[in-house]
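Based on the provided sequences and hints, a complete structural model is requested.
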Amino acid sequence: MTAKSHDRVQVVDAERQLINWLGLGLFAFLGVVAVVPLFLIISDVYIKGIDAINSLGGLWVFLTELPPTPYDESGGIGPMLVGTLYMTALGALLGIAVGFPLGVYIGEMRKEKFANVARAGVNVLVEFPTIVVGLFVYAVMSLAKEDLNRYMLGPLSNAISSLGEWTPRFIGPLDNVISLLGEWIPWFIGPLDGFNAYAGAVALTLIMIPYVALITASAYASVEQPLREAAYATAGREFNALFVVLRKAVSRAVLTAALLGTAKIAGETAPLLFTAFGNFYYAPFTGPTGAVPLWIWYAAQTPYDVQIVSAYGAAAVLLTIILTIFIIARIRG
Amino acid sequence: MLGFLLIVLLIPYLIAAYALLLVKLKWGLKQFGALIVAIIGLLTAMFFVEAYPIIERDGLAVFLEVRWDPVRESYGVLQALTGTILTSAVAIALAMPMALGVAVTINEILPARLRGIFGSLVDLTATMPTVIFGLWGLFVLGPFLQDAVNFVSRSLVGDDVMTSPYTLFTAGVLLAIMITPYAAAVIREGYALVPKPVEEAIYAMGATKFEAALIKLRYARNYILGGFFLALGRAMGETVAVAMVVGGNFSRFTTNIFESGITISSLIALQFPNAAAYQYMVPALFAGALLLTLFGLAINAVAIYIIQRGQI
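Chains as they are written, first to last, in our numbering: chain A, 149 to 481; chain B, 0 to 311.
Check the hints yourself; a few may be wrong.
Computed cross-link-like contacts, BS3-like style, restricted to lysine-lysine with a CA-CA straight-line distance of at most 30 Å [as the list claims (entries may be wrong)]:
#, chain 1, residue 1, chain 2, residue 2
1, B, K25, A, K261
2, B, K29, A, K259
3, A, K396, A, K259
Just so you know, these hints were derived from the structure itself, not from any lab.
Structural data, given as structure tokens:
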């Protein structure tokens, strides 16, 4: 190799090194830019949110009181927090109850033609605009509400209330317990309004199902063949093989899926807009129900400072709930 | 009556499906698959039915005209359609480079210990409630973008181009931040699937890390395209955050991204609460939802097709 060509090789190498560093730097810059807003948002929410909670009367008041009207100086998100917890819990339970077997189906029965159709359906549903899901539940609800109340829920709540009248004759000393039950049952069961917590929970369920199903499916699909054969050999029945033996192998992934899905639906707003609708007071779940994201959405757009401040407080509470679930999922998963 | 039967039969259906799991597993599992397919079919059919009154009255004009005048009962959603396309275009143009950056950063640049943490941060961005993005966009990002854009435009054009903090551009930037993790997840998946021998061959040729990254990205191009379409679907359907920063300009047609506008999903979110007062507004909004659904189905079909073609 002559000295000249050796020089050229070095020049080319230096050039490539330069391009290498510049290119990698560009990729790293873009990657960092993608996560910087996360820190900006979290710090913004907590800085303004903690101030907001303190100025509105402290943490306990903020978590239990009614939201501030424009003329109030203190207030909280009590009704919304209850609504969010109730709807999220119901939605998550139903979502796991349907999403898990669905995930097993599309993960284990990949050779079936219909399983592929179902997989495509799940993939479509996970990407669906959440507001469309909310509108769908609203449409079904408005179709079904009247008949549902007339034929089922009306008679049911009548039966329950007459039960409350009759039982004291037979079990006298339990009077107080029964009447207490009689007071609480109408908060959960009764004729439904057009907007109610159960419609909200169903909308959240529809959003949760595909999350759980997809992660369950990929967990079952990644079980190694020898392990699967061993499971079938020891379990006796296919049901036991898939749901008892192999469940141990995939439980981590499924738990992570359930937690992440719960975190996701706890913060959803769009599907609740036309299903739970929102409420500023503690009210039965059979009627319009408040939710923390709905309050943030409403209060942030009002012109009143005290409500905007409470929106930031609510955002801090919501973010804390979601961060907690997320961190638990990451540590366990 | 139909809706009543639907809801009442759903509970026995689920119980029967669980019971079938114990009797004959495969049949029971199939019921859950059928349920999900039925829901999607029902959803599309439901929107057709609900939107039918306005489609019968105006035909396809409801999608092709610019009007939003509830008092005269005349509705057209073209301005919302262009708004959706413009915000999605801005969002995708900003999000795709960031998603590529995330994929390369995680797989090539970061030391193994930090990869998990960085990946978690990206996942957390996807899990964050959209309404919190909206809150941030409303009070921080919108005013900041207005200052930044006007600062640039004053030196270039000599005039302020962004007269309000809440514009299609603001919505697009906010969307870009929100959809990056979804695109990045698909691209990361494809990037990780580059076979080890191929990777070794790349380095054996004396490639630098950057050159290797480019070759691997080319190898995963199906996933990049799939991620592109999935992110596009997210951008088109996102509602709450967009509705908070897009400006809520229902009736005026604009193709200037620095003006306030509207998207289909935010039109539904902002107008639905008072829609019941008008005869044809609910069907008009359901027509918008139908459009979103059909877009969603089409985009997802393309994305799934592209990714699956890459796998085989």
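Structure-based check of each hint:
1. K25/B to K261/A: holds, 13 Å
2. K29/B to K259/A: holds, 13 Å
3. K396/A to K259/A: holds, 24 Å
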